[in-house]
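**Student:** The chain contents come next:
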Amino acid sequence: MAIEGADLIRAAAFVGAGIAMGLGAIGPGVGEGYAAGRACEAIGRKPEEAGLITRTMLVGQAVSESTGIYSLVVALLLLFVV
Amino acid sequence: MILDPPSAMKIASFVGAGLCIGFGAIGAAVGEGYTAGLANQGISQKPEKSGDIVKNMLVGQAVAESAGIFALVIAILLIFMESTPSLLNAASLIGAGLCMGLGAIGSGIGSGFPGGEACLGISRQPAVSNRLTTSMLIGSAVCQTPAIFAMVISLILMFTKFTDLPLSPTWAALLGAGLSTGLAAIGSGIGGGMAAGASCEGVARQPETFGSVTTTMLVGQAVSQTPAIFGLVVSFVLMFKTFPESQSLAPAMALLGAGISMGFGGVGPGVGNGLTAQEAVRWVARNVEHAGLLTRTMMVGQAVAQSTAIYAMVVSLVLIFVV
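First to last, the protein sequences are chains A and B.
Those letters in the first sequence? Residues 305 to 386, by the working numbering.
Those letters in the second sequence? Residues 5 to 327, by the working numbering.
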C-alpha cells in the first residue's frame, strides 16, 4: 500500500484537528460545569440574588470558554486553511 | 515506509499543534471555572461585595489564562513556522507540541485555586480585599512557572537545528525531552496552586499573618517546583547530549522511557508537595506563633514526598547514560 506524502499531510491535519478539539473540549466542560454547580448552590443559599449570581456565572463561564475557542480556531485552521 | 522530510515536517507540525492546544486548553478552563464557582459562592455569602468579587475573579482568571495563551502561541507557531525539513526536526516539533500542551495543564488548574479562594476571602473580609488580590497574584504568578519551563523547552525544541544528528535514536530523545518537562510540569503546577489557594484563604481568615503566610507559601511552592526542575534537567540532557547512531529499537526506547519516567514521575510528588504546603500554609495562618515549626515540618514532609521524583530522575539518567 503506497501512501502519498500529500495524502499523509492531509491525514495529519485531520488528526491534529481532532486532537485539538477533542482534548480542548474537556477543560471548558469541567470548568463551566463546576461554576454552574456552585452557582446553583449560591442561589440555593440566597435565592433573592439569583439575577446577580446567574450573571456572574455567565461571565465566569465565558472566560473559561476562551481556551475552548482557541482549540476550535486551531482545529478550523487545520481543517480549512492549511 | 520512509516519509520525505517536508511531508514529515508538515505532519509533525499539525499533529503537534493539535496536541499542544488540545491539552493546553484543559488546565486554564478548569482553573477558571473553579474560580468562577467560588466567586459565586462568595457572592451568595455577601451580595453587596459582588463588584469587588467579580473584579477579583476576572484578574485571577486572566492569570490562569496565560498558560492557555502560551499553548495557543506555540500551536500557531507550529502550524505556520518554516524550518529546515528533516525527519529529526519533525520529531522535535511533536515533542514541542506535547511539551507545551501538557505543561499548560497544571499551571492552568493550579492558578484557579488562589483565584477562587481570594474571591471567597473578599466575601469574608471585604476590608482586606487589596491584600487578598496581592496574595492571589503572587501565588498565581509562581504557579505559572512550570508552564513557562514548558514553553522554554518547546521553543528550544522548535528552533534548534537538530539536522546533523543521527535520526535514530535522537528522535526518541527529542520526544522524551518534550514529555519529561511537559508531564512533570503538571504536578508542580497543581501543587503550587494548592499552596497559593491556602495562602489566600489564610490571609482572609487572619489578615495580620500576611507576612508569615506568604513566606511559608513561597517556600512550599519553591519545593513544589522541584519535580518540574528535575523534568527540565532531564529534558536538557536529552536534547543536547549526542547519542551514537543505532538502528535498533532498544536505545531509542531507552531515551523515550527516560522522558516518560521523569515526566510521570514528577506528577505525584508535585501534587503531594502541594498538599503538604497547603495544610502548612493554612495552619500558619491559624497558628502564626508556630510558623517556624510548621514550615520546618512542611519541608521535612515535602522532602520525603520528593523521594519518588528522585528515583524517577535516577532511572531516567540510568536510561540515558548507562544502558
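Treat each hint with caution, since some may be false.
[Said to hold, decoys possible] Calculated lysine to any residue pairs in the SDA-like style (CA-CA distance at most 20 Å, straight line):
#1 Lys165/B - Ser87/B
#2 Lys53/B - Arg135/B
#3 Lys350/A - Ile233/B
#4 Lys50/B - Lys165/B
#5 Lys350/A - Lys50/B
#6 Lys59/B - Glu369/A
#7 Lys59/B - Thr358/A
#8 Lys350/A - Arg128/B
#9 Lys350/A - Gln45/B
#10 Lys53/B - Glu352/A
#11 Lys50/B - Glu369/A
#12 Lys50/B - Thr358/A
#13 Lys59/B - Glu308/A
#14 Lys165/B - Lys59/B
#15 Lys59/B - Arg128/B
#16 Lys53/B - Lys165/B
#17 Lys245/B - Ile233/B
#18 Lys53/B - Glu345/A
#19 Lys53/B - Glu308/A
#20 Lys53/B - Leu362/A
#21 Lys59/B - Gly309/A
[Said to hold, decoys possible] Part of the chain B face toward chain A, derived, beta carbon under 7 Å:
#22 Ala40
#23 Gly41
#24 Glu52
#25 Gly55
#26 Ser133
#27 Asn134
#28 Thr138
Keep in mind the hints are simulated off the structure, nothing from the lab.
The beta-carbon is built from N, C-alpha and C at its ideal position, and this holds for glycine as well.
**Student:** Each of the hints needs a verdict: does it hold here or not?
**Tutor:** How the hints compare with the structure:
Distance check on the hinted pair: Lys165/B and Ser87/B sit about 9 Å apart at the alpha-carbon level, within 20 Å; holds. Annotation: proposed proximity of Lys53/B to Arg135/B holds, straight-line Cα distance about 16 Å (limit 20 Å). As the CA atoms of Lys350/A and Ile233/B are separated by approximately 46 Å, the hinted pair breaks the 20 Å bound. At roughly 57 Å between alpha-carbon atoms, Lys50/B and Lys165/B are farther apart than 20 Å, so this suggested pair is violated.
Annotation: proposed proximity of Lys350/A to Lys50/B holds, straight-line Cα distance about 10 Å (limit 20 Å). Restraint check: the Cα-Cα separation between Lys59/B and Glu369/A comes to about 18 Å, which is no more than 20 Å; the hinted pair holds. A C-alpha spacing of about 16 Å is found between Lys59/B and Thr358/A, which places the hinted pair at or below 20 Å, so the restraint holds. For the given pair, Lys350/A sits about 16 Å from Arg128/B by alpha-carbon distance, which is consistent with the 20 Å threshold.
A threshold of 20 Å between alpha carbons decides the hint, and for Lys350/A with Gln45/B the separation of about 10 Å falls inside it, so the pair holds. Between Lys53/B and Glu352/A the CA atoms are separated by roughly 15 Å; this keeps the pair inside 20 Å, and the hint holds. Between the alpha carbons of Lys50/B and Glu369/A the distance comes to roughly 26 Å, so the proposed pair goes past 20 Å and is violated. Restraint check for Lys50/B and Thr358/A: the C-alpha separation of about 15 Å stays at or below 20 Å, so the hint holds.
Distance restraint check for Lys59/B and Glu308/A: the Cα-Cα separation of roughly 54 Å exceeds the 20 Å cut-off, and the hinted pair is therefore not satisfied. Only pairs whose Cα atoms come within 20 Å are accepted, and Lys165/B paired with Lys59/B is rejected, the gap being roughly 45 Å. Among the hinted pairs, Lys59/B with Arg128/B is consistent with the structure: their alpha-carbon atoms are about 16 Å apart, no more than 20 Å. For the hint pairing Lys53/B with Lys165/B, the CA-to-CA distance comes to about 54 Å; that exceeds 20 Å, so the pair is violated.
The hinted pair formed by Lys245/B and Ile233/B meets the criterion: a straight-line CA distance of about 18 Å does not exceed 20 Å. Note on Lys53/B and Glu345/A: the hinted pairing holds, with a Cα-Cα distance of about 18 Å set against a maximum of 20 Å. Annotation: proposed proximity of Lys53/B to Glu308/A is violated, straight-line Cα distance about 62 Å (limit 20 Å). For the hint linking Lys53/B to Leu362/A, the alpha-carbon distance of about 18 Å falls within 20 Å, and the restraint holds.
About 51 Å separates the Cα atoms of Lys59/B and Gly309/A, which puts this hinted pair outside 20 Å; it is violated. Taking 7 Å as the C-beta cut-off, the interface hint given for Ala40/B holds, the closest approach to chain A being about 2 Å. For Gly41/B, the interface hint holds, since its Cβ comes within 7 Å of a Cβ in chain A; the closest pair sits about 3 Å apart. With a cut of 7 Å, the hint placing Glu52/B at the interface with chain A is violated, because the nearest CB-to-CB distance is about 10 Å.
The beta carbon of Gly55/B comes no nearer than 10 Å to any beta carbon in chain A, farther than 7 Å, and the hint placing it at the interface is violated. A least Cβ separation of about 16 Å between Ser133/B and chain A goes past the 7 Å threshold, and the interface hint is therefore violated. Taking 7 Å as the C-beta contact cut-off toward chain A, the hint placing Asn134/B at the interface is violated, the least distance being around 21 Å. With its C-beta approaching chain A no nearer than about 21 Å, Thr138/B sits outside the 7 Å limit, and its interface hint is violated.
Violated hints for the displayed structure, listed by number in ascending order: 3, 4, 11, 13, 14, 16, 19, 21, 24, 25, 26, 27 and 28.
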